[in-house]
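Taking the hints into account, I'd like the entire structure generated from these sequences.
Those protein sequence lines, which keep their order, are chains A and B.
Heads up: the first sequence begins at 2 in our numbering, then just goes up one per residue.
Heads up: the second sequence begins at 736 in our numbering, then just goes up one per residue.
FYI, nobody ran anything at the bench for these hints, they're computed from the structure.
Positions of the beta carbon are idealized from the N, C-alpha and C atoms, including for glycine.
Among the clues, some could well be false.
[As the list claims (entries may be wrong)] The list that follows gives simulated cross-link-like pairs (lysine-lysine, BS3-like), each with its CA atoms no further than 25 angstroms apart:
#	chain 1	residue 1	chain 2	residue 2
1	A	Lys-120	A	Lys-68
2	B	Lys-842	B	Lys-762
3	A	Lys-38	A	Lys-113
4	B	Lys-762	A	Lys-114
5	B	Lys-762	A	Lys-38
6	A	Lys-136	A	Lys-114
[To be verified] According to the in silico footprint, chain A covers these stretches of chain B (three or more CB under 8 angstroms from chain A):
#	stretch
7	771-777
8	781-789
9	808-815
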Amino acid sequence: MHYTFTIERGNFADAGQASSNVKRTLKQLGVDPASIKRAVVALFEAEINAVAHAYGGTIDVDIDAEKVMMVVADEGPGIPNLELAMQEGWSTASPQVREMGYGAGMGLPNIKKNTDELKIDTKVGVGTTVTMIVKLV
Amino acid sequence: MKISEIAQLVDGVLVGAPVDQFYEVEKAFASDLMSDVLRFNMDNTVLITGLCNNQTMRTCEMADIRVILMGRDKQPDEDMIELAVDNDITIIKSRYSIFKLSGILYKAGIQPLY
Ligand SMILES: Nc1ncnc2c1ncn2[C@@H]1O[C@H](COP(=O)(O)OP(=O)(O)OP(=O)(O)O)[C@@H](O)[C@H]1O
Ligand SMILES: [Mg+2]
Numbered sequence: 002m003h004y005t006f007t008i009e010r011g012n013f014a015d016a017g018q019a020s021s022n023v024k025r026t027l028k029q030l031g032v033d034p035a036s037i038k039r040a041v042v043a044l045f046e047a048e049i050n051a052v053a054h055a056y057g058g059t060i061d062v063d064i065d066a067e068k069v070m071m072v073v074a075d076e077g078p079g080i081p082n083l084e085l086a087m088q089e090g091w092s093t094a095s096p097q098v099r100e101m102g103y104g105a106g107m108g109l110p111n112i113k114k115n116t117d118e119l120k121i122d123t124k125v126g127v128g129t130t131v132t133m134i135v136k137l138v
Numbered sequence: 736m737k738i739s740e741i742a743q744l745v746d747g748v749l750v751g752a753p754v755d756q757f758y759e760v761e762k763a764f765a766s767d768l769m770s771d772v773l774r775f776n777m778d779n780t781v782l783i784t785g786l787c788n789n790q791t792m793r794t795c796e797m798a799d800i801r802v803i804l805m806g807r808d809k810q811p812d813e814d815m816i817e818l819a820v821d822n823d824i825t826i827i828k829s830r831y832s833i834f835k836l837s838g839i840l841y842k843a844g845i846q847p848l849y
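Take a look at the structure:
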């Protein structure tokens, strides 16, 4: 099954809607709760990052019996130093983003922890694509 | 501890999803940083927070959090309450500070997450 969502630039009121939809779908498919949580936490963090640090983008989700594959692609500033960005506690979140409850510098580490495979392609001045796979048990 | 007992202890007002009479709160975690919350298994855990926006609700949805203790007299708007109802989340509103709420729950035997 394939699903596509759009992430709107700067829209914090609706950010997380795609992750919410995916959660509902996985539940309906009878996927085990632990796998659902891993997948949606990773997707949610990536979705929020595309709103908080970039100018929105798209989400593609593919679900089959063995895995959930999620691709969050944004247009944005890219990540100049990915190694640094992956560290717990490292954040460049703006005061506005912090007011929304983000900026702990835990999003990317949370994504890493909750996925079985993670690939981040990023180009400064162009954007970032986060590809995540969660295996279903 | 039952959700209604917690509401009583903090002189709280209940909004959002109706109280699940069978839900047992054993632990609590206090934070205004949502990615901090998303690090943990939040089963049977109440989130104590002063962050009052849609992102609070979305985070609880993803983390399977069923009870929020919202301090500092924050008032969730209609959007938030709708999200709470849709996702089976009960909100206890209280005028107390986060420190006071944490102290009251700790004294009543609620365990810290870590
Ligand atoms: N899609 C993105 N585009 C541009 N920069 C990004 C993107 N995602 C992450 N970053 C950069 O990497 C940093 C770390 O990201 P991470 O998600 O770990 O933390 P955060 O978003 O700052 O805070 P948190 O996720 O804990 O709320 C960000 O502060 C930002 O500088
Ligand atoms: Mg983040």
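Against the structure, the hints:
1. A/Lys-120 / A/Lys-68: holds (16 angstroms)
2. B/Lys-842 / B/Lys-762: holds (12 angstroms)
3. A/Lys-38 / A/Lys-113: Holds, at roughly 14 angstroms.
4. B/Lys-762 / A/Lys-114: Holds - the C-alpha atoms of A/Lys-114 and B/Lys-762 are around 23 angstroms apart, at most 25 angstroms.
5. B/Lys-762 / A/Lys-38: holds (19 angstroms)
6. A/Lys-136 / A/Lys-114: Answer holds: A/Lys-136 to A/Lys-114 is near 13 angstroms, not above 25 angstroms.
7. 771-777: Coverage by chain A holds here, the residue count being 3 at a Cβ distance below 8 angstroms.
8. 781-789: Contact hint for the stretch 781-789 of chain B vs chain A: holds, 3 residues under 8 angstroms.
9. 808-815: violated (count 1)
Consistency note: the structure conflicts with earlier hint 9 alone.
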